[in-house]
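Please put together the full structure from these sequences, using the hints given.
Those protein sequences? They're chains A and B, same order as listed.
The first sequence begins at 1355 in the numbering used here and counts up by one.
The second sequence begins at 1355 in the numbering used here and counts up by one.
To be clear, the hints were calculated from the coordinates, so they are not data collected in a lab.
Built from N, CA and C at the ideal position, the CB exists for glycine as well.
There's no promise every hint is true.
Stated by the list, open to error - Label pairs and their computed distance ranges (CB to CB):
{"id": "1", "chain 1": "B", "residue 1": "1461", "chain 2": "A", "residue 2": "1558", "range": "30 to 38 Å"}
{"id": "2", "chain 1": "A", "residue 1": "1593", "chain 2": "B", "residue 2": "1544", "range": "50 to 58 Å"}
{"id": "3", "chain 1": "A", "residue 1": "1468", "chain 2": "B", "residue 2": "1534", "range": "43 to 51 Å"}
{"id": "4", "chain 1": "A", "residue 1": "1454", "chain 2": "B", "residue 2": "1544", "range": "51 to 59 Å"}
{"id": "5", "chain 1": "B", "residue 1": "1564", "chain 2": "A", "residue 2": "1574", "range": "43 to 51 Å"}
Protein chains: 2
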Amino acid sequence: MGLAGGFDAWIVTVGSELLIGRVVNTNLAWLGARLTLLGYKVRGCLVVPDILDDIAWAFKTALSRGARVVISSGGLGPTFDDKTVEGLAKAFSLKLALNEEALKLVRKKYEEKGYSLTESRVKMAILPEGSSPIPNPVGTAPGVRLKLGETLMFLLPGVPAEMKAMFSKYVEPELKRIGPQIFFVERSMRVYGVPESEAAPIIKRVLKISDNLYIKSHPKGSELGEPVLELHITASGKSRELLEELVGKAINMLLELLSEKEARIEILK
Amino acid sequence: MGLAGGFDAWIVTVGSELLIGRVVNTNLAWLGARLTLLGYKVRGCLVVPDILDDIAWAFKTALSRGARVVISSGGLGPTFDDKTVEGLAKAFSLKLALNEEALKLVRKKYEEKGYSLTESRVKMAILPEGSSPIPNPVGTAPGVRLKLGETLMFLLPGVPAEMKAMFSKYVEPELKRIGPQIFFVERSMRVYGVPESEAAPIIKRVLKISDNLYIKSHPKGSELGEPVLELHITASGKSRELLEELVGKAINMLLELLSEKEARIEILK
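What follows is the structure, given as structure tokens:
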């Protein structure tokens, strides 16, 4: 399975630039790693263009798939194609209105720089009913926090520096508080000289130790005329000590069984 | 809108490593760029873990959203968690059976290296009914091509070198043949000294020139104490000459209107 954690989390990344390949989706990797470390199971990611109906569809889909937490990035700025907030409102038929708290945040940002409020700037303070703004310590567009039933949604900007700062400062503390107390342990090893198809039955055997264990193999090409595999061993559960023990046991067993195949093995971390 | 092209294409990337943030989804960017250049409109990407039901859900979802082309990457190898082919079969209730053509490809790969066929290796030749294998010039797992109604699906491996080689050699020629004759032109410029919220109404005005035109602004931070924006101007349509003319006109208009705001402008390409 390969996913640690308790509650299901979904990531929605908004932006046509991700789909036409102009920008690599690093926000997904960053958010996925943070959510996993916090004990959430990142169950899927939807990448959608700057099209209102597509964004609304993504939020609805994440909810209908059982997300307890949804994090979006992208589409919060002042331009005509920043449509994520409107998409969220459309998804759940929520009214949009000027949010005084958000307006205060936006006004303060521009006043500091000597700019006044314009229509494009005020747009960033129009939020769906029931939501609250998340301050942006780096840029100008506030994020949005909305709880719908049991599901918490956080809309963050697409600029990585803004997204990361807001997640760390405002989203992570809440996710820690409400989240499952689940730990995640990972180790990696590199295996030379054994093709993936020969490692497959060995991995299958080692996995029988525990349901909390997961091993994934990544073929790394065979530039040296011999196969190179990276094995990624992870475990998740409630006790860090037991997990360390479990992963150690799995590594020993892999070392033993792969050595029988005359593999050379390098432990990475 | 920001998406060029005629037929809708969807990308499905399979792999828990993408969701726990261990691997950045570069396959999405590469496939998105290639499909866009071929004249397809990449309408969305679904990132799912190595869970059979989730993979099946992704294929079904892409189809139900109107995809004419679906490209997947990941989950084609010999290990227990390579489940993409089974997921495709499950999505559309197709029977899985040993494909003789695929078996020939797999056997040849291993015989060249002096290995024999094992259960894990034969697994890579079990395909859904109606599909055909795509040769893998770099690795061992064949890809899968399946046409369902009007929709063409191509399943490719997750290892970037294998995926790219197979797309270029076997997928792209077919997509070129059946695809719309639509061109895509792009240019970029960097704008210093004008905040995004002030550029927004200017962009809106320039966009009125044509429906085929799209301009997206990416704030690049303000390390120098001044705002920096990257503007990405794209156009798509049937005549390359008209598109070049259109983008040129948009750039001239942006230069004129942004200069009035005392911006410094750098044309990137």
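Verification of the supplied hints:
Take residue 1461 of chain B and residue 1558 of chain A: their Cβ atoms lie about 22 Å apart, and the range 30 to 38 Å is violated. Between residue 1593 of chain A and residue 1544 of chain B the C-beta distance comes to about 52 Å, which sits within the given range of 50 to 58 Å. At about 49 Å, the beta-carbon gap between residue 1468 of chain A and residue 1534 of chain B stays in the expected band of 43 to 51 Å. For the pair residue 1454 of chain A and residue 1544 of chain B, the supplied restraint of 51 to 59 Å is violated, since their beta-carbon distance comes to about 36 Å.
Under the hint 43 to 51 Å, the C-beta atoms of residue 1564 of chain B and residue 1574 of chain A, about 47 Å apart, fit the expected range.
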